[in-house]
Amino acid sequence: MSASEEKKRPVRWHIAVFLAPAVLVYTAIMILPLFGTLQLSLFREVEQQQVFVGFDNFRILFGDPRWSESFWNALFNNTWFFIIHMLVQNPLGVLFAALLSSPKLRFSVFYRTAIFVPTILSFVIVGFVWKLILSPLWGITPDMLDAIGLKSLFAPWLGKPEYALTTLSLISVWQFIGIPMMLIYAALLSIPDEVLEAAECDGVTGMSQFWKIKLPLVLPSIGIISILTFVGNFNAFDLIYTAQGALAGPNYATDILGTFLYRTFFGFQLQIGDPNMGSTIASVMFLIILAGVSLYLFGIQTRLRRYQF
Amino acid sequence: MAKATHSLTRSFAAHAILAAYTVIALFPVVVIIINSFKSRKAIFRSPLSLPDRDSFSLIGYETVLAQGDFFLYFQNSLIVTVVSLFFVLLFGAMAAFALSEYRFRGNTLMGLYLALGIMIPIRLGTVAILKLMVASGLVNTLTALILVYTAQGLPLAIFILSEFMRQLSADLKDAGRIDGLSEYRIFLRLVLPLVRPAMATVAVFTMIPIWNDLWFPLILAPAEETKTITLGAQVFIGQFVTNWNAVLSALSLAILPVLVLYVIFSRQLIRGITAGAVK
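Protein chains in written order, with my numbering: chain A, 1 to 309; chain B, 1 to 279.
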């Protein structure tokens, strides 16, 4: 249709009708509160009045000893949480996907379904189940380690500050490994047979076929998984809260930005909640996630070559 | 011959790795469920054995059913999930139709605006969302949760559905227009039935995070009569933490509905994730 034709047309109200409900709900409940939170981070309550303080809350969060120690601790822990996911979850996900995608493998539907089971469970279940299983009181883990002669390795992992965060990260990996597995599996299946046949004709088979042909072709999917993991990790809260409580014990060793935000916003024990500092932390999380997503969209995604078959 | 042995070893190794991880994935769930049917003594004496006539006991389930209001929690979760899902699918399909069917000024911009929410989690706006809910008197109502989850689910739903609707043939819709169908009827009668498979995929993706969410029930609706099953189980287990029978039974009761749903919908879910890969 040409532009002049479009001008003659009456207003197409149905487009507005189709768009209105989604746009209204999305704007009112998601976009406006997001900006509202960013705005609240620039204010402080003084004698029950909201006073504009500019970036002072951020200065306090980064620099004031009462806040900065908890903040940098949470940020550091969160980064470690993310690193463990990238090092363990994604390589294992690729491995399982590669194994599952071999065409002659039997029971592959069963494996796929079973490995995905933890992903559908709620954090409450996952947190408590692992807490019970790792509990020295119940003794399932020490008994099992004993059976293979490794009992000396056992420690109450969730209770020791030096192990707790890594243990929780691995529990989170256990829960979410199904997602990278499935996405990579899908990407591997979509590689055309001709490409693989051509590789075989050239004598590229087995492992070298995986490294030289398949892995480069699924790199865009690995990119998507990395950014999904990044957003999910820097927004995580539930698992730590159910397994360790709002205090993210022992001694804040498992505190991440999500639990720190919750405690600041709602208060805990003797400290009362502070919506303005809560907003400040949420804004920092927003900026971190925005930076990660932008880096992915403009820095990585455009450089990954996509193959159209 | 050498090649055959080689591939046999390889497939054996593949099975060994996958089977080992399957055990790791399922073991915790199985341990919890079998121990929930045992007496307290047996839970500690032999945690890995199946319940037999001596150790079988339903005492945990009795405590759970007597103490917690799990039926109410379950009902709340069901209402919140089903109603949010309905709105996500309806509003999402409408917006996706507008974006994929009509050319209008700002189409691309609107698409980008609506896609923002896929990457930026709604949780970051919690402080202002709570303020909004307090101002409108919606705190401790299921409506608050339904509104939040509808907003949360829309971006991905619109994205997936509009990708799908772009592939529908234009001839069919034009034929409908020639027959005098209004745009609304074309959407309801022609387009909606055709995108049903994509709707099912979106439904599964939307449903799981809503059912499992702890953050918003904890903040927006922590009252006894509006607790969802996820929050209810969390609070109950926190209170009964030393009563192992009760904790194990509560966990099993929380696992079972999800597991049953998963077994029913796993094909749909997996097909959804691997969509586009099926040639």
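To be clear, the hints were calculated from the coordinates, so they are not data collected in a lab. Warning: the hint list may mix true and false statements.
To be verified - Below 30 Å or equal to it, Euclidean Cα-Cα: the simulated DSBU-like pairs (lysine-lysine) are:
| id | chain 1 | residue 1 | chain 2 | residue 2 |
| --- | --- | --- | --- | --- |
| 1 | B | K41 | A | K160 |
| 2 | A | K131 | A | K104 |
| 3 | B | K131 | A | K131 |
| 4 | B | K41 | A | K151 |
| 5 | A | K151 | A | K131 |
| 6 | A | K104 | A | K214 |
| 7 | A | K212 | A | K104 |
Here's how the hints hold up against the structure:
no.	hint	result
1	B:K41 to A:K160	holds, 28 Å
2	A:K131 to A:K104	violated, 39 Å
3	B:K131 to A:K131	violated, 35 Å
4	B:K41 to A:K151	holds, 23 Å
5	A:K151 to A:K131	holds, 18 Å
6	A:K104 to A:K214	holds, 17 Å
7	A:K212 to A:K104	holds, 21 Å
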